Amino acid sequence: MPGFAFVGKGGSGKSTIAGTFSRLVARRGHDVLVLDADHVPGLATAVGLVSEDTAMLADAVTVDESSGRPMLSGSVEDTIQGFARDAPDGLRFLQFGKLTAPTDDDVRASTVAFRQVSREQTRDRVVVTDLSAGTRQAYFGWAGSADTLLTVVTPSQKAVLTARRLVPLVEWLTDVRHLVVLNDVLDDDEAEATERILTSHGFEVAVRVPHDATVAAAARAGVAPIDHAPRSDFVAAVSRLVDLVLPDPRSDAVVA
Amino acid sequence: MKIAVAGKGGSGKTTVSAILARTLAADGHRVLAVDADTNPNLGLSLGLGVEETFELIAARDELDQEDADHASTMAEIIDRFSREVSDRLRLLQIGKIERPDPG
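Line order of the protein sequences matches chains C and D.
For the first sequence, the numbering used here assigns the number 1 to the initial residue and increments by one for each residue that follows.
For the second sequence, the numbering used here assigns the number 1 to the initial residue and increments by one for each residue that follows.
These aren't lab readings, by the way, just hints derived from the structure by calculation.
Quantities reported herein were computed from a predicted structural model and do not represent experimental measurements.
By construction, the Cβ of each residue, glycine as well, lies at the ideal position given by its N, Cα and C atoms.
Hints are supplied without guarantee of correctness; some may be wrong.
[As the list claims (entries may be wrong)] Chain C residues, not near chain D, derived (Cβ > 12 Å throughout): (1) 42; (2) 85; (3) 167; (4) 191; (5) 228.
[As the list claims (entries may be wrong)] Chain C regions said to be covered by chain D (calculated; three or more residues, Cβ under 8 Å): (6) 4-15; (7) 134-147; (8) 152-164.
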């Protein structure tokens, strides 16, 4: 089943788009597992959950006696059952765990658990992973389950520079499809200028998501954009992205 | 004086850092602006161009290859790796990650 990973500069709208994307994929009839690799909150709200600190996945990990290496104490499915939260539209939402005062061992154990779940989950699900902002997690293998990498870019020099820094990664991941989502676009001129630069660096822009005041309004209200303004231009654009990357809804889907 | 700027991505950390750095330098202080971000954009905010910011070498990779006997002092690191932005302001980029880690 397909896996999608969202990357990009902080503040580009990565988590907001990833969360909305996940809800829309679920409405096409798929089982969706959302993996929140970001230490910073944002995805939970975008998915329609009240953000809360959940138990760190470190609790799911023990040290294997023979190898001395940390690994999940139960099966991947048991771990998802035990640690994932239920979200709207039937989503299952698994957080790496927000860091308040963790020890190095906590972080290492949570990392092992998260990556094992990401790589070994076998059920018939679409997996959507939201990586933390920037390049670090992408380069350290956190998008392991993805066959499509979606880089969210806004029309700014910094966001484009961030995308350029991911070029070696894209070239290295030869089996992974790479698409750019151009977000927060004010007008066509700006979009075209940014797309020209992105294309010159070998990127393919899949969709333009317009600047939409309802997104900021939803954030201020602490509500998911898809719940706050379901018929907004923003949601419509993310819906076009879903149609593009996942063209076949499940036959028993109820399309909202 | 050491000032650390932290916060959520997109909150304006880099922009605020750059303004602080340039204001303090303009006030007569010697300033070392350190970009510890693995995705470093402080150069842009300080007024360097896109290509120049993109090409800045991260001290991290070079230092990783040093052994203990030949470890650089702080002064040497600043000398070798920082870039002069103005009279009293230098930029040191230390954390850039731009290669896959197979681990």
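### Task
Take a quick look at residue 42 of chain C and tell me if its Cβ sits farther than 12 Å from every Cβ on chain D, holds or violated.
Violated: least Cβ distance 8 Å, not greater than 12 Å.
### Message
If we take the beta carbon of residue 85 of chain C, is the closest beta carbon in chain D still more than 12 Å away?
### Response
22 Å, holds
### Task
Classify the label on residue 167 of chain C as holds or violated, using whether its beta-carbon is more than 12 Å from each beta-carbon of chain D.
Per Cβ check, residue 167 of chain C is inside 12 Å of chain D; nearest 9 Å; violated.
### Beyond 12 Å from every chain D Cβ - status for residue 191 of chain C
Non-interface label on residue 191 of chain C holds, nearest chain D Cβ at 18 Å vs cutoff 12 Å.
#### Entry: Coverage of the segment 134-147 of chain C by chain D (three or more Cβ within 8 Å)
Answer holds; 6 residues pass the 8 Å Cβ test.
### Task
Would you check whether the claim that residue 228 of chain C is not at the interface survives, using Cβ distances to chain D and the 12 Å cut-off?
19 Å, holds
### Message
When I compare C-beta atoms, does the segment 152-164 of chain C have three or more residues closer than 8 Å to chain D?
### Response
Coverage by chain D holds for the segment 152-164 of chain C (6 residues, Cβ < 8 Å).
### Task
State whether the coverage of the segment 4-15 of chain C by chain D holds or is violated, taking the criterion as 3 or more residues with Cβ-Cβ distances under 8 Å.
With 4 residues close enough to chain D, the hint holds.
Hint compliance for this structure: hints 1 and 3 are not met, and every other hint is.
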